[in-house]
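> Chains as they are written, first to last, in numbering that gives the first Met the number 0: chain A, 0 to 385; chain B, 0 to 385; chain C, 0 to 385.
Read the hints as simulated data drawn from the structure, not as lab findings.
Some clues are possibly wrong.
Put simply, identical chains are the same to the list, so a pair is met inside one copy or across any two.
[To be verified] In silico DSS-like pairs for lysine-lysine, Cα to Cα no more than 25 Å straight-line:
no., residue 1, residue 2
1, 191, 383
2, 305, 166
3, 294, 81
4, 122, 87
5, 191, 87
6, 224, 324
7, 324, 87
8, 191, 81
9, 294, 383
10, 224, 305
11, 383, 324
12, 122, 383
13, 191, 324
14, 166, 383
The residues making up each chain are set out below.
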Amino acid sequence: MSEESIVREDVAEMVGDWRGYVEAKLGFRNHWYPVRFSNELGEGQLQVVELLGERLLIKRIDGVVYSMRDRCLHRGVPLSQKPDCFTKDTITCWYHGYTYRFQTGDLVNILAVPDSRLIGRRKIVTYPVEEAQGLIFIFLGDEDMVHPLARDVPPGFLDEDLMVLGKHRVVDSNWRLGAENGFDGLHIFIHKDTTLRHYRTFNFPIGHTPRPGAVQVVEDEEGPKGVTDDFSQHDPVWDGVIDGQVVISGPRSEQVHGTSASVGTSIWLPGVLKVDSFPNPGLTQFEWYVPLDAKRHLYVQTIGKKVHTEEDRNAFASDFESIWKPHGLDGFNSDDIWAREVTEPFYADDYGWVDEMLCEPDSTLLEWRRVASRHGRGIQTPEKLR
Amino acid sequence: MSEESIVREDVAEMVGDWRGYVEAKLGFRNHWYPVRFSNELGEGQLQVVELLGERLLIKRIDGVVYSMRDRCLHRGVPLSQKPDCFTKDTITCWYHGYTYRFQTGDLVNILAVPDSRLIGRRKIVTYPVEEAQGLIFIFLGDEDMVHPLARDVPPGFLDEDLMVLGKHRVVDSNWRLGAENGFDGLHIFIHKDTTLRHYRTFNFPIGHTPRPGAVQVVEDEEGPKGVTDDFSQHDPVWDGVIDGQVVISGPRSEQVHGTSASVGTSIWLPGVLKVDSFPNPGLTQFEWYVPLDAKRHLYVQTIGKKVHTEEDRNAFASDFESIWKPHGLDGFNSDDIWAREVTEPFYADDYGWVDEMLCEPDSTLLEWRRVASRHGRGIQTPEKLR
Amino acid sequence: MSEESIVREDVAEMVGDWRGYVEAKLGFRNHWYPVRFSNELGEGQLQVVELLGERLLIKRIDGVVYSMRDRCLHRGVPLSQKPDCFTKDTITCWYHGYTYRFQTGDLVNILAVPDSRLIGRRKIVTYPVEEAQGLIFIFLGDEDMVHPLARDVPPGFLDEDLMVLGKHRVVDSNWRLGAENGFDGLHIFIHKDTTLRHYRTFNFPIGHTPRPGAVQVVEDEEGPKGVTDDFSQHDPVWDGVIDGQVVISGPRSEQVHGTSASVGTSIWLPGVLKVDSFPNPGLTQFEWYVPLDAKRHLYVQTIGKKVHTEEDRNAFASDFESIWKPHGLDGFNSDDIWAREVTEPFYADDYGWVDEMLCEPDSTLLEWRRVASRHGRGIQTPEKLR
Numbered sequence: 000m001s002e003e004s005i006v007r008e009d010v011a012e013m014v015g016d017w018r019g020y021v022e023a024k025l026g027f028r029n030h031w032y033p034v035r036f037s038n039e040l041g042e043g044q045l046q047v048v049e050l051l052g053e054r055l056l057i058k059r060i061d062g063v064v065y066s067m068r069d070r071c072l073h074r075g076v077p078l079s080q081k082p083d084c085f086t087k088d089t090i091t092c093w094y095h096g097y098t099y100r101f102q103t104g105d106l107v108n109i110l111a112v113p114d115s116r117l118i119g120r121r122k123i124v125t126y127p128v129e130e131a132q133g134l135i136f137i138f139l140g141d142e143d144m145v146h147p148l149a150r151d152v153p154p155g156f157l158d159e160d161l162m163v164l165g166k167h168r169v170v171d172s173n174w175r176l177g178a179e180n181g182f183d184g185l186h187i188f189i190h191k192d193t194t195l196r197h198y199r200t201f202n203f204p205i206g207h208t209p210r211p212g213a214v215q216v217v218e219d220e221e222g223p224k225g226v227t228d229d230f231s232q233h234d235p236v237w238d239g240v241i242d243g244q245v246v247i248s249g250p251r252s253e254q255v256h257g258t259s260a261s262v263g264t265s266i267w268l269p270g271v272l273k274v275d276s277f278p279n280p281g282l283t284q285f286e287w288y289v290p291l292d293a294k295r296h297l298y299v300q301t302i303g304k305k306v307h308t309e310e311d312r313n314a315f316a317s318d319f320e321s322i323w324k325p326h327g328l329d330g331f332n333s334d335d336i337w338a339r340e341v342t343e344p345f346y347a348d349d350y351g352w353v354d355e356m357l358c359e360p361d362s363t364l365l366e367w368r369r370v371a372s373r374h375g376r377g378i379q380t381p382e383k384l385r
Numbered sequence: 000m001s002e003e004s005i006v007r008e009d010v011a012e013m014v015g016d017w018r019g020y021v022e023a024k025l026g027f028r029n030h031w032y033p034v035r036f037s038n039e040l041g042e043g044q045l046q047v048v049e050l051l052g053e054r055l056l057i058k059r060i061d062g063v064v065y066s067m068r069d070r071c072l073h074r075g076v077p078l079s080q081k082p083d084c085f086t087k088d089t090i091t092c093w094y095h096g097y098t099y100r101f102q103t104g105d106l107v108n109i110l111a112v113p114d115s116r117l118i119g120r121r122k123i124v125t126y127p128v129e130e131a132q133g134l135i136f137i138f139l140g141d142e143d144m145v146h147p148l149a150r151d152v153p154p155g156f157l158d159e160d161l162m163v164l165g166k167h168r169v170v171d172s173n174w175r176l177g178a179e180n181g182f183d184g185l186h187i188f189i190h191k192d193t194t195l196r197h198y199r200t201f202n203f204p205i206g207h208t209p210r211p212g213a214v215q216v217v218e219d220e221e222g223p224k225g226v227t228d229d230f231s232q233h234d235p236v237w238d239g240v241i242d243g244q245v246v247i248s249g250p251r252s253e254q255v256h257g258t259s260a261s262v263g264t265s266i267w268l269p270g271v272l273k274v275d276s277f278p279n280p281g282l283t284q285f286e287w288y289v290p291l292d293a294k295r296h297l298y299v300q301t302i303g304k305k306v307h308t309e310e311d312r313n314a315f316a317s318d319f320e321s322i323w324k325p326h327g328l329d330g331f332n333s334d335d336i337w338a339r340e341v342t343e344p345f346y347a348d349d350y351g352w353v354d355e356m357l358c359e360p361d362s363t364l365l366e367w368r369r370v371a372s373r374h375g376r377g378i379q380t381p382e383k384l385r
Numbered sequence: 000m001s002e003e004s005i006v007r008e009d010v011a012e013m014v015g016d017w018r019g020y021v022e023a024k025l026g027f028r029n030h031w032y033p034v035r036f037s038n039e040l041g042e043g044q045l046q047v048v049e050l051l052g053e054r055l056l057i058k059r060i061d062g063v064v065y066s067m068r069d070r071c072l073h074r075g076v077p078l079s080q081k082p083d084c085f086t087k088d089t090i091t092c093w094y095h096g097y098t099y100r101f102q103t104g105d106l107v108n109i110l111a112v113p114d115s116r117l118i119g120r121r122k123i124v125t126y127p128v129e130e131a132q133g134l135i136f137i138f139l140g141d142e143d144m145v146h147p148l149a150r151d152v153p154p155g156f157l158d159e160d161l162m163v164l165g166k167h168r169v170v171d172s173n174w175r176l177g178a179e180n181g182f183d184g185l186h187i188f189i190h191k192d193t194t195l196r197h198y199r200t201f202n203f204p205i206g207h208t209p210r211p212g213a214v215q216v217v218e219d220e221e222g223p224k225g226v227t228d229d230f231s232q233h234d235p236v237w238d239g240v241i242d243g244q245v246v247i248s249g250p251r252s253e254q255v256h257g258t259s260a261s262v263g264t265s266i267w268l269p270g271v272l273k274v275d276s277f278p279n280p281g282l283t284q285f286e287w288y289v290p291l292d293a294k295r296h297l298y299v300q301t302i303g304k305k306v307h308t309e310e311d312r313n314a315f316a317s318d319f320e321s322i323w324k325p326h327g328l329d330g331f332n333s334d335d336i337w338a339r340e341v342t343e344p345f346y347a348d349d350y351g352w353v354d355e356m357l358c359e360p361d362s363t364l365l366e367w368r369r370v371a372s373r374h375g376r377g378i379q380t381p382e383k384l385r
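Please construct the entire structure, taking both the sequences and the accompanying hints into account.
Now the structure itself:
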């Protein structure tokens with residue numbers, strides 16, 4: 000149990016109606032999180048993934064993916080240290096032969112003690128797994144709290160005609176700094192030199208602030224919970240002025256007429272962003288900030304496009320590889336990554352949540368913190384990792 | 000004083016009659032521990048060793064080894080940083096000339112302050128040293144608690160006709176995970192692929208469980224305290240079965256008739272294992288798990304053989320170099336080492352002692368924990384390191 | 000807020016009249032500290048420096064140096080990560096455009112939110128800066144506590160005819176171990192093999208102890224506060240004796256007549272040493288132990304010489320480069336540096352302050368600890384870093 004994952008009580012008490020968000024340093028339990036792309040785990044393959052501070056095994060058996068804690072019940076060693084999979088369905092601990100069934104977590108045998116009364120009476124922790132849109136999702140939580148996956152992904156993500164491509168990377172910051180970096184409409188300032196603008200058919204202001212009504216909270220009982228921010232109801236700022244002098248201007252081209260105002264962003268529990276018309280009209284970026292531990296998150300970056308023919312699919316796959324991945328997911332978003340990483344120290348001891356000095360448009364972030372606190376289905380705490 | 004060496008009170012309170020064992024994260028004080036082989040310290044040589052969280056100097060003077068804390072009384076610097084040994088019997092601190100006699104620890108002078116009233120009135124901590132069977136033992140504890148070395152080594156180790164050879168390595172785990180790995184009869188499962196079996200004249204089951212009476216506690220007042228486990232009173236398991244199917248079998252050869260049942264193991268305070276008839280009939284393995292700090296132990300591995308002639312000695316020395324060291328101490332035991340190291344994280348915050356899920360044959364380990372708690376002569380605590 | 004910068008209450012309570020010194024693990028607030036040499040910061044240049052646990056920007060604008068905390072008020076990121084200096088006087092945060100004026104710390108704009116009501120109403124922390132004798136000094140403290148620089152440097156340092164040359168290095172120890180190493184008259188023992196003695200025109204004893212009256216406390220209201228130690232009132236020790244035998248002697252040459260008795264040392268708040276007639280008669284060494292954080296200090300080493308002509312200046316500059324820097328600041332003082340670094344572990348958890356065993360001449364250090372506790376203008380605490 001590392002000290003850094005324990006949230007300071009004095010800070011939690013100071014933040015009022017977003018206390019739950021501050022407490023969720025290790026993420027919210029009882030939600031679905033993507034951990035890998037489906038095509039990264041072939042039939043019969045085993046992998047180790049981290050999620051909310053836990054270490055898990057995933058294995059694909061007869062096409063279906065299962066997930067189990069990577070820690071033997073007996074002496075707590077990682078099963079993955081030397082995975083003995085003597086049968087398709089089981090994994091045997093290399094140390095003393097404790098053998099678990101992937102589908103249920105049942106302790107089906109102890110090879111060295113075949114008559115132990117523990118056999119058949121103990122279970123290792125397993126978690127539900129689902130695959131959708133080419134991603135493997137794990138429900139990290141308690142059996143009686145399972146909700147449909149559709150409640151934990153942004154609207155439209157599960158649409159049948161959506162083709163999704165992407166990548167993932169480990170970022171050295173808490174997951175919340177990822178979520179806030181993404182949803183924060185102001186941080187466009189950081190992207191003022193992006194190479195992506197040469198491939199986009201609209202322009203970039205250096206900032207924009209929401210007018211009343213731009214930001215909406217979504218709390219339908221049967222759907223995902225989140226906050227939407229409609230950039231068409233924003234006032235863009237094109238020029239940066241210091242002491243009466245224009246010092247910087249947002250890149251504008253006469254040849255294009257759209258602005259980022261056609262974009263809208265929304266953030267959803269348990270920590271996934273949707274950006275409409277991005278990186279270009281006709282595309283939608285969906286990205287997850289998956290808590291690995293208190294100091295790292297898996298940044299799962301995807302772009303979705305509606306496709307109806309094989310030709311559509313091929314064209315999107317080609318553009319993704321040549322444009323949207325290098326200039327968007329790699330180029331544009333790499334700036335977001337270092338921004339999150341250098342923000343981490345200020346929030347690492349929790350005091351950042353009370354010492355920060357937010358400005359008016361950051362009220363969108365406060366909405367997100369409140370919605371997350373109201374609808375997060377549980378807090379992952381260090382005790383849960385034992 | 001590092002935080003990791005402080006034992007959690009809540010855990011210590013939960014474990015009942017083996018509380019002392021849980022508290023002895025830094026080892027048991029007032030016992031004898033081997034730190035080096037005698038032939039590693041020539042006449043007049045000085046070395047630094049660690050023991051139970053302390054850093055010590057050892058020096059051989061006129062054939063006799065002495066041990067002293069490697070920390071000047073004055074400003075706490077390591078004397079070994081630049082050892083000024085101006086006379087055979089003394090060491091002078093490089094910083095201000097505090098000079099200590101190895102035999103007594105007396106502050107015999109302060110070279111830069113020859114009239115200080117501290118001189119002759121202060122002592123640096125020294126510990127008793129003995130050499131036996133080619134090992135240098137230090138009694139790490141208080142002067143009035145010294146017991147004979149014979150009470151802290153396994154029966155037979157001091158036998159005059161025993162020839163002892165060995166090596167030592169640093170292992171990145173708490174010492175108790177070393178002791179339990181060694182004494183645990185079940186962990187033979189880990190050795191199922193060992194190259195050692197090509198050189199042994201008996202077979203390996205994949206597991207074996209003690210029948211009533213196999214395990215005995217030894218608590219003679221005048222001798223070492225420990226637990227013995229007689230493998231001839233065990234039921235061997237030759238086949239591992241999952242879902243009714245034999246998935247693995249212990250290696251058996253028609254050409255040899257013995258089994259590991261001729262082996263017996265025993266574990267002794269302060270943390271030393273004896274394995275009879277191992278690595279082969281006629282040999283005995285003695286191995287120590289010497290606490291260096293809360294997270295590391297010195298694994299002192301030795302093999303003893305009764306010898307009566309020079310020919311016997313030469314034959315054993317030759318077999319040791321060509322067979323027992325590469326295939327036993329290096330090969331077979333290297334699996335034990337990584338097993339201990341990957342077990343460490345589960346026990347590092349102490350919760351492993353209450354979260355583990357032992358099975359029936361592990362009752363032998365519980366006996367050991369209880370015996371150690373009853374007979375350990377003191378707990379090394381972070382305060383003792385000041 | 001790192002744990003290692005929090006001082007143990009039990010230790011602070013045990014040390015009586017030098018409690019403030021023990022508490023000042025991060026240094027004393029409200030004092031002037033040198034951070035760089037003036038010639039290291041050209042016109043328009045920006046640098047990051049550390050001081051008492053804080054990270055600061057320094058910039059030279061129209062010849063004048065200003066200092067500002069390197070942490071945006073908004074989300075706590077380092078401005079230096081990608082310094083956007085769109086005008087000479089300002090720095091703009093790369094993340095959201097918060098723009099600060101160097102001279103005042105005023106938040107003069109938020110480029111992406113030009114109508115925010117925060118603008119003109121918030122300030123980032125700035126600190127007064129002065130340059131003297133080729134050094135840039137920062138007053139790390141509160142505006143209403145500023146004192147003249149002359150009260151925080153040793154007597155004579157600001158003399159107009161003094162030419163000062165030097166260098167700086169980072170040392171891995173708390174600043175107090177630097178100050179005590181320097182002022183401690185006994186530690187000459189460590190320098191017994193220095194190459195510097197070939198260039199000095201006086202001899203080295205191996206130790207020397209103050210006679211009554213040698214040590215004086217200086218507490219003039221209008222001047223610097225410190226302790227002086229006059230080596231001409233010391234008794235030198237030339238021979239080190241163990242068991243009646245001379246084992247080492249201080250280097251003495253028939254050809255020179257002076258001894259180190261012509262040297263005097265003094266230590267001044269907030270942690271600066273003056274050594275008269277050192278490294279040679281006619282020179283004065285001034286050296287600062289500037290707290291960077293709880294475990295590191297900036298060792299600012301300077302040598303001053305009275306000069307009256309251009310010829311004097313050239314001669315000193317030449318001797319500095321060829322003799323005093325390589326054999327004094329680099330050679331002689333490098334021994335001091337490793338001595339401090341290996342002393343650090345004993346004091347790192349604060350217990351060293353009560354576990355040390357000082358000898359009689361160390362009473363000079365106790366005087367210094369008391370004077371520092373009485374006259375330090377404030378303690379830098381972890382809370383101040385928030």
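> Hint by hint, note whether the structure agrees.
Each hint, compared with the structure:
1. 191 with 383: Neither: 42 Å inside a chain and 35 Å across chains, both beyond 25 Å.
2. 305 with 166: Answer is within: at 19 Å inside a copy they meet the 25 Å cutoff, but 64 Å across does not.
3. 294 with 81: Between copies only: 23 Å across chains, 27 Å inside a chain, cut-off 25 Å.
4. 122 with 87: Result: close within a single copy only, 18 Å intra versus 64 Å inter.
5. 191 with 87: between (52 Å within a copy, 21 Å between copies)
6. 224 with 324: neither (28 Å within a copy, 63 Å between copies)
7. 324 with 87: Neither: 37 Å inside a chain and 38 Å across chains, both beyond 25 Å.
8. 191 with 81: between (48 Å within a copy, 13 Å between copies)
9. 294 with 383: Both: 17 Å inside a chain and 24 Å across chains, each within 25 Å.
10. 224 with 305: within (23 Å within a copy, 75 Å between copies)
11. 383 with 324: neither (37 Å within a copy, 44 Å between copies)
12. 122 with 383: within (16 Å within a copy, 42 Å between copies)
13. 191 with 324: Within one copy, since 18 Å is at most 25 Å while 48 Å is not.
14. 166 with 383: neither (29 Å within a copy, 42 Å between copies)
Checked against the numbered hints given earlier, the structure breaks hints 1, 6, 7, 11, 14 and satisfies all the rest.
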